[in-house]
Amino acid sequence: MLDIKDLRVKIEDKEILKGINLSVRAGEVHAIMGPNGSGKSTLASALAGRNYFDITHGKILYEGKDLTELTPEDRARAGIFLGFQYPVEIPGVSMVNFLRAAINSKREYRGEKPLPAGDFLKLMREKKKVVEINSDLTNRSVNEGFSGGEKKKNEIFQMALLEPKLAILDETDSGLDIDALRIVANGVNKLRSPENATIVITHYQRLLDYIVPDFVHVLYKGRIVKSGDKKLAKELEEHGYDWIKQEVDLKA
Amino acid sequence: MTDQEKILNEVTDNDYKFGFHSKIETETIPKGLNEDVIRLISAKKEEPGWMTESRLKAFRHWQTMTMPDWAHLQIPDIDYQDIIYYAAPKKEAKYQSLDEVDPELIDTFNRLGIPLEEQKQLAGVAVDAVMDSVSVKTTFQDTLAELGIIFCSFSEAVKNHPDLVQKYMGSVVPYTDNFFAALNSAVFSDGSFCYIPKGIRCPMELSTYFRINTANTGQFERTLIIAEDDTYVSYLEGCTAPMRDENQLHAAIVEIVAMENAEVKYSTVQNWYPGDKAGKGGIYNFVTKRGICKGDNSKISWTQVETGSAITWKYPSCILKGHNSVGEFYSVAVTNNYQQADTGTKMIHIGKNTRSTIISKGISAGRSQNSYRGLVRVLKGAEYARNFSQCDSLLLGDKCGAHTFPYLEVDNRTAIVEHEATTSKIGEDQIFYCNQRGIDTENAISLIVNGYAKEVLNKLPMEFAVEAQKLLAITLEGSVG
Ligand SMILES: Nc1ncnc2c1ncn2[C@@H]1O[C@H](COP(=O)(O)OP(=O)(O)OP(=O)(O)O)[C@@H](O)[C@H]1O
Ligand SMILES: [Mg+2]
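Which chain is which? The protein sequence lines are A and B, in order.
Per our numbering, the first sequence starts with residue 5, numbered consecutively.
Per our numbering, the second sequence starts with residue 4, numbered consecutively.
Chain A with its partners taken away, still in its complex shape (with noise of 0.2 Å):
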């Protein structure tokens, strides 16, 4: 389904991104780990296509397309969605609005007619139930005054209702109290299916007792430097990071 091939990224004059290459299959769920500004959220902006930074070398296949060529807003609507590490308000703007535009943009580049009103208010009701939110927040704009926790959950809600192919969600966990992080994380699985795939980018090997991942990886200084199984996040929740930044940096 993805396939990231040395992809190289560039922040004013800056490496961030030293060639990665990351295959996701149909059906896996990846969790990508790593120390504080290693690259996991640059990856992540680069997926969904975020280009206030330079992709100088490498490719990024979508279901066989070359990913760059599409503008973020097609990606999405071709079934890539970000859950944002910081998930922006926009004042003004109600959840329902923008959620109908979401999903009706969606709609239309699948040549499909916009949800009648009727249908999308119960598909609302529906997937709230999904991640337990809050009737209110869904009344509210979009962000607006939420609360850490209720952003994120905020993005599940999004996710589940967009049902998208290829879900990205860049520390949706950090912040939530535990009931949150099951609620969140039982989010994820039921979206899991034979034709999905997930990426999770987390610091905690908490959230993948809840999310059992397929893959598990460690990006380090803009590279992916360790990949394995769900043993290894375990073995970093014993030992951080430490014998890792020694392995890679004694090779350098």
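Quick caveat, the hints were computed from the structure, so don't treat them as lab data.
All values derive from a computational prediction rather than experimental measurement.
Fair warning: there could be bad hints in the mix.
Computed cross-link-like contacts, SDA-like style, restricted to lysine to any residue with a CA-CA straight-line distance of at most 25 Å [to be verified]:
id: 1; chain 1: B; residue 1: K457; chain 2: A; residue 2: D140
id: 2; chain 1: B; residue 1: K457; chain 2: A; residue 2: N143
id: 3; chain 1: B; residue 1: K462; chain 2: A; residue 2: K234
id: 4; chain 1: B; residue 1: K473; chain 2: A; residue 2: P118
id: 5; chain 1: B; residue 1: K462; chain 2: A; residue 2: K63
id: 6; chain 1: A; residue 1: K18; chain 2: B; residue 2: G430
id: 7; chain 1: B; residue 1: K428; chain 2: A; residue 2: N55
id: 8; chain 1: B; residue 1: K402; chain 2: B; residue 2: N453
id: 9; chain 1: A; residue 1: K234; chain 2: A; residue 2: F150
id: 10; chain 1: B; residue 1: K162; chain 2: B; residue 2: E56
id: 11; chain 1: B; residue 1: K457; chain 2: A; residue 2: D218
id: 12; chain 1: B; residue 1: K473; chain 2: A; residue 2: V100
id: 13; chain 1: B; residue 1: K473; chain 2: A; residue 2: E93
id: 14; chain 1: A; residue 1: K63; chain 2: A; residue 2: D218
id: 15; chain 1: B; residue 1: K457; chain 2: A; residue 2: N101
Chain B with the ligands: place on chain A using the hints.
Here is chain B with the ligands on its own, set in the frame of chain A:
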């Protein structure tokens, strides 16, 4: 160019939809302004002597005045002798039926979305259509007359209701008020007149649609609304003009009188030609709008969506004379490219327990300048007067300017006056967030801008709120940031 600028340019690059010019046979008088021209205008309109005299008095006063320069505007010199002060579609006459109207003219209004045939119109909206200096057609007049409501062109009112015109014209905006008011009082062309008799709720929206068509012509319309005791009327004004390289002058006066328990809602969707992307051409929109809440418990509410004009100088105001009277001003002003707007309101509290609300939402893009200027004045006798003002500015890009000039003059200690102001910017991250959910940049801006202006748009009559939303989106098309 940064990314932000690129998107900005895309969204603000849009063409004016109403810029066509109609080939209508027009009768114009020669350029220039003097007493003879004023007599000529008055004669063309077959006006009574008192009207001619009133025009001349205003003209003589105007000659002693100079253009105001206190606004945050750069107004190029205007040569008042280089303007045509009267233009009318030929075959003018008084159209009794639509058959007499030039088909091209009917077509023009059709293209503007304002059909003159009553059966084709929005149910519940009566329209007075004004082209250049004359009113072309007023619809639903008969239906309204059954209730005693007078809705006609100003010229007709001068002829058929001289007592009302003489009593109220200039009573809210005297010709001495300001430079443009004096000019208008001297040369005004046409506009609408509306009288709601005691105890009547006007059953339909009244609206005037102004269209400038002829080149080198100024438009000086005059509107007068009188709402007697216990009445209600909602009035809407719209306007457009062809695209031209030269600037055209529009200097209007609107006066509203609200008696006891009367409520007047006046909404404007101003979409005069704003000039091209390089700032060439466009309408100079210098307008004096004022209403007086004369009777107790009366209410005047101004709602404006200002998207057009090269330069806008406009402060719809309320004189709150009656006790417990209420004044409201809801405004969205959008400027793009090289447009300049200096707009706001004046709320003059005279009566006891008078209340006013000001909600102003400025949106600037391109290299435009957008200023809010508002005065809240509470006189000595205005016990327990209250005002709440909120002035927000939204910036798209970093080459535009937003300014706020609030003035407070409070002479009564029981008065409560509150003012809030914010400035924000549409962030690239907000737009990206929308993009990531599949919403393209244009729709994202339109969502964000409409969300921002929602409080004001909600005040418009339903049919027009939708139009206004689209207009906001179109005005900003090509301008994200
Ligand atoms: N817009 C930017 N301008 C300059 N530097 C940037 C920008 N965005 C990211 N960086 C830098 O790129 C590097 C990688 O940042 P990134 O956000 O991808 O890290 P991360 O792995 O997600 O970290 P965290 O775990 O703290 O979220 C950091 O050194 C960061 O300072
Ligand atoms: Mg990050």
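Verification of the supplied hints:
Proposed proximity of K457 of chain B and D140 of chain A is supported: the alpha carbons are some 20 Å apart, at most 25 Å. In summary, the hint linking K457 of chain B to N143 of chain A is supported, as the alpha carbons are separated by about 15 Å, within the 25 Å threshold. For the given pair, K462 of chain B sits about 57 Å from K234 of chain A by alpha-carbon distance, which is inconsistent with the 25 Å threshold. Between K473 of chain B and P118 of chain A the alpha-carbon distance is near 18 Å, which keeps this suggested pair within the 25 Å criterion.
In summary, the hint linking K462 of chain B to K63 of chain A is not supported, as the alpha carbons are separated by about 51 Å, beyond the 25 Å threshold. For a cut-off of 25 Å, the pair hint linking K18 of chain A to G430 of chain B stands: about 24 Å separates their Cα positions. Pair hint K428 of chain B plus N55 of chain A holds up; C-alpha atoms about 19 Å apart against a cutoff of 25 Å. Under the criterion of a C-alpha separation no larger than 25 Å, the hint pairing K402 of chain B with N453 of chain B is consistent with the structure, at around 22 Å.
For the suggested pair K234 of chain A and F150 of chain A, the alpha carbons sit about 33 Å apart, so the restraint of at most 25 Å is broken. Taken as a hint, the K162 of chain B and E56 of chain B pair is honoured in the structure, with Cα atoms around 15 Å apart against an allowance of 25 Å. With a C-alpha separation of about 47 Å, the suggested pairing of K457 of chain B with D218 of chain A is violated against the 25 Å cut-off. For the hint pairing K473 of chain B with V100 of chain A, the CA-to-CA distance comes to about 19 Å; that is within 25 Å, so the pair holds.
The straight-line distance between the Cα atoms of K473 of chain B and E93 of chain A is roughly 23 Å, inside the 25 Å bound, and the hint therefore holds. Proposed proximity of K63 of chain A and D218 of chain A is supported: the alpha carbons are some 23 Å apart, at most 25 Å. Pair hint K457 of chain B plus N101 of chain A holds up; C-alpha atoms about 12 Å apart against a cutoff of 25 Å.
The structure fails hints 3, 5, 9 and 11 (numbered hints given earlier, in ascending order).
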